[in-house]
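Let chain A serve as the given structure and place chain S on it in line with the hints.
There are 2 protein chains.
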Amino acid sequence: MTTPAEFYDRHRELLDRAIDAAAARDYWSAYPESPSRSVYGEQAAPAGKQAFQALLGREFPIEVPGARTTVSSELSPYGIELDVRYPQGDPAALIAAARAATPQWRALEPQERAGVAAEILQRLNARIYELAHAVQHTCGQAFVMAFQAGGAHAQDRGLEAVAVALAETTRIPATASGSKPQRGGDPLRLEKTSTAVGRGVALVIGCNTFPTWNSYPGLFASLVTGNPVIVKPHPGAVLPLAITVQIARDVLTEAGLDPNLVTLAVEQRGEGIAATLATHPEVRIIDFTGSSEFGSWLEANARQAVVYTEKAGLNTVIVDSTDDYKGLLRNLAFSLSLYSGQMCTTPQNIFLPGTGIATDLGPKSPAEFGADLGAALDKLLGDPQRAAGTLGEIVNDGVRARIAEAGDLPGVLRSALPMVIRAAPSDEKTFTREWFGPISFLITTTSTAHSLELFRDTVRQHGALTALVHSTSPEVLADAREAALDAGVHLSENLTGGVFVNQTAAFSDLHGTGANPAATASLSDAAFVTGRFFTLQSRRHTS
Amino acid sequence: MTTPAEFYDRHRELLDRAIDAAAARDYWSAYPESPSRSVYGEQAAPAGKQAFQALLGREFPIEVPGARTTVSSELSPYGIELDVRYPQGDPAALIAAARAATPQWRALEPQERAGVAAEILQRLNARIYELAHAVQHTCGQAFVMAFQAGGAHAQDRGLEAVAVALAETTRIPATASGSKPQRGGDPLRLEKTSTAVGRGVALVIGCNTFPTWNSYPGLFASLVTGNPVIVKPHPGAVLPLAITVQIARDVLTEAGLDPNLVTLAVEQRGEGIAATLATHPEVRIIDFTGSSEFGSWLEANARQAVVYTEKAGLNTVIVDSTDDYKGLLRNLAFSLSLYSGQMCTTPQNIFLPGTGIATDLGPKSPAEFGADLGAALDKLLGDPQRAAGTLGEIVNDGVRARIAEAGDLPGVLRSALPMVIRAAPSDEKTFTREWFGPISFLITTTSTAHSLELFRDTVRQHGALTALVHSTSPEVLADAREAALDAGVHLSENLTGGVFVNQTAAFSDLHGTGANPAATASLSDAAFVTGRFFTLQSRRHTS
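As they're listed, the protein sequences go chains A and S. Using numbering that gives the first Met the number 0, read the first sequence as starting at 0 and increasing by one per residue. Using numbering that gives the first Met the number 0, read the second sequence as starting at 0 and increasing by one per residue.
The following block holds chain A by itself, in its conformation from the complex (with noise of 0.2 Å):
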């Protein structure tokens, strides 16, 4: 038994310096994101390994409220065999569980409730490598990238809405005593007790491909907030949120606490029970990565809840001129097979003016670029290690129909992945559709000017997660600032060399703004987690 004070005195100072450095957003992370030995150790790798495959073939080990049968659901792209089955809770015994594990939580103090939830995250952090296993074997990531994304950088995202989510529970000071000047008289003296109190029972939502990465701010930022959590992986991506609810239940038994504030809700395929917990009356929370389409669902109808949703848009590269035009190409084309386009983040639309842009190689007309960008790709993709390497497996079927609906789009100019495709500003109904995966179209408009109103205008009214403009302007930097401000995007400009618009840092890099129709939240900032809890006050005289 450890108390959840002691685990906030342990963890303290990493809490003050995550406080910091989130405040700060400047660079900073607490989990080595590199899989060496001389980081993690010499055991670490082999016995992770290990501990993915005795997971498989069996039940999994986690109790879950109201189970009476199990749920196997998960499919490697890798094409092993997974097997695991899971408990699979009923939605009222789940909800009741949580509900039933408020109020110890509750009493708590904030830094307590921390202090707990980065405990958890350094024993997620311990068994990184099995997670990293359990991410690729679900989402088809190559080890390395489910090993940083789906490991290091999804605990610090993890402990960053920790953080934040402590800072802004204790803003208002827990004791507060002040005296009012009365004319004549003796001034009043009051005594004040402020209390952070959770919203309610929260619901995570899981995605498929970034199952830990995505979900891990809103737990944590629900459950330091002093809510219990629902957690509801999507059925092909179960074992890393699995994994994480496991320890989470572990921590909190050890601390003397209710397991039940985090739970884990499986489902078979298509059986609804996402829908059916969003708009349960006590379920007040709901955080969901995924499509537009149960996203926009949930905005519309879960509306006893707030709702944090993080779906899909048309991400936007600007391109007007560089001073390396390798570097863009290089750039660009790991960007487009990173995972093979399977991030909310990688680009699909290219803008470039028909009448070519200006590089240190001299000028280049928009196919001189396509043949240039179709290089760099087959470059970066030449080496078949290296392709696995940087594609990782195609994660499911419905990307798998993209790319067959894609093929047969006039103008394609690279068929291998990542396609390319040639396209006008005609083709708008096209490339203003959602096209998740390695998919992407390389747009001619007449100007730089009219690439910025089209970034402008598509990303107001279809969303986007990024976008990247390279330009030697200081003219066209400043336009495409105030188009991104416009569409309400987060801007990266002439990444020529290893930063990557597909990828933002925690603690540094917002993801997501809620200006625009592709997400309603920015991970994370203070309206991330000041929605999830309310302070109330209690007062008194004092002499």
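Treat the hints as calculated values from the structure; they're not laboratory data. Possibly wrong hints are sitting among the right ones.
No distinction is drawn between identical chains; accordingly, a pair holds when it is met within one copy or between any pair of copies.
[Claimed, not checked] Under the rule of at most 20 Å between Cα atoms (straight-line distance), these lysine to aspartate or glutamate pairs were calculated in the DMTMM-like manner:
#, residue 1, residue 2
1, 48, 382
2, 378, 80
3, 48, 257
4, 428, 12
5, 179, 19
6, 179, 32
7, 378, 108
8, 179, 492
9, 179, 508
Here is chain S on its own, set in the frame of chain A:
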């Protein structure tokens, strides 16, 4: 011409102090609440009265986009002839003007916007007497109360919102730079810019009873977070907000900004312009104070906007025991009487056990308590001048109708205003209605535990803005605090002196919680402002 930066420099010290005070939550006030000559000077009172009188019987001097006619809709509860005519704008023109004014407002630093807001507040304070007369003669508040609640306290609440908005829009630094270490290479150096961008056109819908106090938080929070604001007063209380908008427009013009960042939207009674504006796709933020019916309608129908409502509820007093019976009665009598109970914070339901309460003057049965409360009210209101200064006037026919209806109820203990009516738990259907006005119920329960149970259940279901407990027992106080956390309402304990349950102080007490149906927001915590803007980043390499 004074630039926004110059206004910020002028008010920087005040703003820094206000940010500190809003964080510390001890007692602080920027605007003196005493209408004394020694505070505001010899000439302020007569000059303010003259300025007010000069407004009567004329067209109010203000420009309104799209105005072609004027509207006069106010009746003084004190019976004087007002006949102020206001230009009536067109909803589409108001919204178009607001949007056109936005880009230059977005381009300012948050500090510059806060500087402009602080200047507006300073000029409101300089016209506090004029505003007090305007509040008195539209709301029916006695002059001193109008001066305090409608003048100084409203200005303090406005400044509090400015402070919280400035703190939140600058929480993520405008620029940050950081290096990410690279294994076997130079670190990746990035520079990042963060910009707080307003959500869009904001609408503030004022109420009849506290047009300034309840409107200033939303008005200033939206403005400082980068949004243009359309102010739509209640038809019965236009003048205080017309003066406010006039001052805001003067300051904006002097700062070289488009005055249409703040506009006035009046209507003939019953025209429904609030609903038209509130459901316009370009209106993205709504602040509303008023009836539960229209507030709930807004929450359900203004889906394109974030909606902050303050509606109505069942403000509750739980009487268990006291060591200052006379103080309890005096304090409660004043709370029931102030502004004839026409505060959203006036106690409605008073629970006490049928077995009576222990006091320093011996045990008191419910019948004795009722008689003693009546006597305390008679004593407070026995002197006609003091009665007039406390009660003010009935604001409108709605309150008059409820008073008439309450008079026909069984169990009327005191038929003079404020009315006190005896009730039992079986009368729940009656006392769980909201009786806004000078109508309270004395409800006999089986025990204090029963009182707390009723408190918890009725407030969870119907909402409340205030709660008060009287007890000498630490256990009962602890139970009451838990019940208040369950009910989601702020709690006052054992108020027997000069602090009243129906008054909250800016920079110290929050008003409303969001945690029960009476309100979706709290004046003014971080959650009240973080939904009004987005933080957009751009990033680029630095060498």
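Hints, verified against the model:
When the C-alpha separation of residue 48 and residue 382 is checked against a cutoff of 20 Å, the pair qualifies neither within a copy, at 26 Å, nor between copies, at 85 Å. When the C-alpha separation of residue 378 and residue 80 is checked against a cutoff of 20 Å, the pair qualifies neither within a copy, at 33 Å, nor between copies, at 84 Å. For the homomeric pair residue 48 and residue 257, neither the shortest alpha-carbon distance inside one copy (30 Å) nor that between copies (64 Å) is at most 20 Å. Proximity of residue 428 to residue 12 under the C-alpha cut-off of 20 Å is found in neither arrangement, the shortest distances being 52 Å within a copy and 54 Å between copies.
For the homomeric pair residue 179 and residue 19, the shortest alpha-carbon distance between copies (17 Å) is at most 20 Å, but the shortest distance inside one copy (34 Å) is not. For the homomeric pair residue 179 and residue 32, the shortest alpha-carbon distance between copies (12 Å) is at most 20 Å, but the shortest distance inside one copy (53 Å) is not. In this assembly of identical chains, residue 378 and residue 108 lie within 20 Å of each other by CA distance neither inside one copy nor across copies; the values are 55 Å within and 46 Å between. Taking the closest pair of Cα atoms, residue 179 and residue 492 come within 20 Å of each other only across two copies (17 Å); inside a single copy the shortest separation is 53 Å, beyond that limit.
Only between protomers do residue 179 and residue 508 lie at most 20 Å apart by alpha-carbon distance; the minimum there is 12 Å, versus 43 Å within a single protomer.
In terms of the numbered hints stated before, the structure departs from hints 1, 2, 3, 4 and 7, listed from lowest to highest.
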